[in-house]
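Could you slot chain B onto chain A? The hints should help.
Taken in order, these protein sequences are the chains called A and B. Okay, so the first sequence: first residue is 1 according to our numbering, each after it adds one. Okay, so the second sequence: first residue is 1001 according to our numbering, each after it adds one.
Check each hint, because a few of them may be wrong.
What the hints assert, rightly or not - Pairwise CB distance ranges, derived in the manner of DEER restraints: (1) Ala1446/B / Pro218/A: 47 to 57 Å; (2) Val229/A / Gly1299/B: 27 to 37 Å; (3) Ala149/A / Gly1297/B: 57 to 67 Å; (4) Ala272/A / Arg1063/B: 19 to 29 Å.
It is worth saying that the hints were derived from the structure and are not from the lab. Beta carbons: idealized from backbone N, C-alpha and C, even for Gly.
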Amino acid sequence: MDPACRAGVLAPGPGGPVTVAGQRRSRTDFPRPAPRGGTTTGIRTGGDLCRGVTLRLRPEPVHNVAVRPASPPLHAVAWLVWAVAAAASVELATSPVYVAVVVGVAFVVVSVHGEDTPLARAFPLLLSVGLAFALLRVVLTAATTHTGADALFTTPSFTLPRLLGGFEVGGPVELGVVLQSAAEGFAIVGVMAVFGAFNAVVSHHELVQSAPRAFYEPGLILTVSIAFVPATVATVARVREADRARTGGRVVRRGRLLRLVVPVMETALERALLLAESMDARGFASGPPTRADRVAGWCVLAALAGLGGAFVALVGRARGAALALGLVGVFAVAAAVAVASRRSARPRYRARRMGARDWAVAAVSLAAPAGLAVLALSGDETLRWAASPLRLPEFDPAAGLALAALTVPAWRASP
Amino acid sequence: MTAPALDYRGVGFAYPGGDPVLAGVDLAVRAGEILLVAGPSGSGKSTLLRCANGLVPHATGGRFRGEVVTLGRSTRSHPPRRLADAVGFVHQDPESHFVVDRVEGDIAFVLENLGMAPVAMRRRVEEVLDALGIAHLRDRSPGTLSGGEQQRCAIAGALAAGPAALVLDEPTSQLDPQGAEDVLAAVARLNADLGTTVVLAEHRLERAAPLADRAVLVAGPGAAATRLAPGPVGDVLAAYPGAPSVTRLGRLLGWDPPPLTVRDARRLAGADPRLAGPPPAAAALPTPGGTVVAARGVGVSLGGRAVLKDVDVDVRRGEVVALLGRNGSGKTTLLRVLAGLLAPGRGEVRSAGRAAYVPQDPDALLLGPTVRADVATTPRLLGGRDPEAVDEWLAALDLGALADRHPRRLSAGQRQRVAVAAIAVGRPDVLLLDEPTRGMDAPSRAALERAVAGVAARGGAVVLATHDVELAARCATRVVVLGDGDVVADGPSRTVLAGSLFAPQVLRVAPPFLTVEEVAASLAAPARGDR
Chain A
1 MDPACRAGVL
11 APGPGGPVTV
21 AGQRRSRTDF
31 PRPAPRGGTT
41 TGIRTGGDLC
51 RGVTLRLRPE
61 PVHNVAVRPA
71 SPPLHAVAWL
81 VWAVAAAASV
91 ELATSPVYVA
101 VVVGVAFVVV
111 SVHGEDTPLA
121 RAFPLLLSVG
131 LAFALLRVVL
141 TAATTHTGAD
151 ALFTTPSFTL
161 PRLLGGFEVG
171 GPVELGVVLQ
181 SAAEGFAIVG
191 VMAVFGAFNA
201 VVSHHELVQS
211 APRAFYEPGL
221 ILTVSIAFVP
231 ATVATVARVR
241 EADRARTGGR
251 VVRRGRLLRL
261 VVPVMETALE
271 RALLLAESMD
281 ARGFASGPPT
291 RADRVAGWCV
301 LAALAGLGGA
311 FVALVGRARG
321 AALALGLVGV
331 FAVAAAVAVA
341 SRRSARPRYR
351 ARRMGARDWA
361 VAAVSLAAPA
371 GLAVLALSGD
381 ETLRWAASPL
391 RLPEFDPAAG
401 LALAALTVPA
411 WRASP
Chain B
1001 MTAPALDYRG
1011 VGFAYPGGDP
1021 VLAGVDLAVR
1031 AGEILLVAGP
1041 SGSGKSTLLR
1051 CANGLVPHAT
1061 GGRFRGEVVT
1071 LGRSTRSHPP
1081 RRLADAVGFV
1091 HQDPESHFVV
1101 DRVEGDIAFV
1111 LENLGMAPVA
1121 MRRRVEEVLD
1131 ALGIAHLRDR
1141 SPGTLSGGEQ
1151 QRCAIAGALA
1161 AGPAALVLDE
1171 PTSQLDPQGA
1181 EDVLAAVARL
1191 NADLGTTVVL
1201 AEHRLERAAP
1211 LADRAVLVAG
1221 PGAAATRLAP
1231 GPVGDVLAAY
1241 PGAPSVTRLG
1251 RLLGWDPPPL
1261 TVRDARRLAG
1271 ADPRLAGPPP
1281 AAAALPTPGG
1291 TVVAARGVGV
1301 SLGGRAVLKD
1311 VDVDVRRGEV
1321 VALLGRNGSG
1331 KTTLLRVLAG
1341 LLAPGRGEVR
1351 SAGRAAYVPQ
1361 DPDALLLGPT
1371 VRADVATTPR
1381 LLGGRDPEAV
1391 DEWLAALDLG
1401 ALADRHPRRL
1411 SAGQRQRVAV
1421 AAIAVGRPDV
1431 LLLDEPTRGM
1441 DAPSRAALER
1451 AVAGVAARGG
1461 AVVLATHDVE
1471 LAARCATRVV
1481 VLGDGDVVAD
1491 GPSRTVLAGS
1501 LFAPQVLRVA
1511 PPFLTVEEVA
1521 ASLAAPARGD
1531 R
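Chain A on its own, in the form it takes in the complex (with noise of 0.2 Å):
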């Protein structure tokens, strides 16, 4: 029998710690180095007979009690679809009360579910982005609406060069066109912090995972790029503190720009390299192009020659070519992620399925913009707002519950 599942049943009861001597024994049974390929059959022998001891001895240190939350995450795929329906919920109402109900939301789910990872310490910095954004659209709303209603102030006023549009920037400034903007402005900020609460709850890795096997390369390089974000910021910080060491704590303004986003830029793209190289190091990408994927190619090759012709044909109004060569383009696009999904499966590294609380959360999630549609259908004037005549928003209560959907996720985990 296979020593390391001896050195288990050895060892004291369930959830008890692994004894140094079980460990040892173990360890020492480290397989060597064996020719590819050969190793997979011979260790799943031992892998079947050890799978539930090693399960039930998992040593269980007494700090990691406090980070791992108590019951297991939810799948990334339930927290894929609560974004999404957050994020339609957004779209379907876009009164503020609503949109404020949403944010809160966002907050509560990212207090319980969020783990100390960089990304959900990034979560306030998306929302920043989002209410930076926000406030760009009023000024540049404010700066160029005029509806001739009453000014609240006047800005100075010039008119832009023909070339830029030749528009009126400035003037006077109206209070409703600055509320609407806001308004619209703030459903930016409910999708961002819909967006930032995703990224600090989801495992991106287990996302990447489940989805279709042509999407797993592109989608890595996508995940390893967003964690990317936290550790530029961290840069920045670093880089701003530098340069005013460089003159004692007095800040130059002269050609400081270009001071600071050099060596940003040059951190980054040495991360990137050497990101890079461990991921080759690590087998990344290694198996010899299959058929599937020349197959995949030739159709992708397809889709761009389809949809590149549609495009012509569309500007040199030709409707019918342009129709027929889309389609093509669109089924060659699905040809491709299909051929390509098909070629040998890749292994997954404890791969869990969707789970009854994470089919019930996604069903739950849905139930929200699902309700708020119903509720636009039946003429319910609330969920939009608009600034004229002006008046306060109004908070259907109907609204309200339906969007109280999207805390399911927040539901079992708290105590």
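Same frame as chain A, but now just chain B:
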């Protein structure tokens, strides 16, 4: 004789548009050994290691001759990704290894790539977690771990595929002593328990040298490394300036074989009458001048934690103050407060001159396109005074030959020197250095020590936060020890270090001597008396 785990056959390499770094290297790494690769910064250690799995030349380009063979596979025909199960590779920056946001998922990454069956994969990950003692970190996100933990996780990721050799390129140079200790202990255990072959490049040889079975010295910069001759660690390192202090002491006193550990050295020292000679004359310390910066009752809280509690420190002209203390004891925070980059929550900082701070991360100061331009930026920002200082500092830190290189193409230790030069060139009254010797080789350290002494001699003051007690012993006039946000010791370096459990190696072997140089001076003294 079993086949070598890694076989370098006539390897030669030059980076694109560069001079040869390696030429005609033949090196056979025996299965089951730990081979230590030592050599100065920029000598080609990294290049040598990166040949092992084909990162050189597949990821770098350049002119490559010969081949490296592992498990019958040559790097000429196999790119790194197809050697993933033959060679595990870990580079020095622990943060940029990770692909997956969970430790155990990242360890399994290589297994997924190799197409291992899920049950086998599950078991292998459990074993690797145990082998490196990181089972308690399995659910964590790598970004939240300490440097030492990250490096052990990275090693686990390289080890998971069961490679014939594990290649570690300065795995501890970015770590604090505790992290470095943990990583090297884990490596030693892997080698002892599993028989893993390890090739290890290191600058800090105090800990790494005793672990190794054999060592090999890579030639200095300029000359391409040829004919590498691995041999017993003590013999190879005896002639190397970056050897541990005890080894250098052994060479000075003609002990054979030269000791690698304090324990061996102490045994040999007990039998050596020359060490019973007169204690070193108290070196005439220059009388410090007026106080140039002083902290009075300084307290700082960061993120709700009291980092500094009630700190009083005076820094006077002509002093070199070493700030010692474990990670998180507030060294960096104190430097930032003294530099005026951080306002203290309580207390005050009085300053009678300009303080300039060299941060831990030299990359934040590297602007390019050349080392000279980088160093010249500071005087330009300060209003263009003394341009000749640029050349002076390039010379002081041995950067003359590198002046026209792009700073990003230098090794970690060379970058660190560029950063020090770029700050010191502004002639601040107080120079604050945060871990200046991280990743530095012996000649760089020596150049830094000379430069620091020069600043103090010209009436400046230097404060260096460091983990390196050897550095403190060699160049500090005063040592301040921080513990949990308080000053726990403050006094002349000999007094403070002599009473410490973490004294420099020579002091532990042959008290009251602090450094090898002092022993050498004491041996030379009677001769001078006879004349």
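Right, here's what the structure says about each hint:
1. Ala1446/B / Pro218/A: 47 to 57 Å: Because 50 Å falls inside the window, the suggested range holds.
2. Val229/A / Gly1299/B: 27 to 37 Å: Because 34 Å falls inside the window, the suggested range holds.
3. Ala149/A / Gly1297/B: 57 to 67 Å: Given range 57 to 67 Å: holds, Cβ gap about 60 Å.
4. Ala272/A / Arg1063/B: 19 to 29 Å: Roughly 25 Å apart at Cβ, these two residues keep to the hinted range, so it holds.
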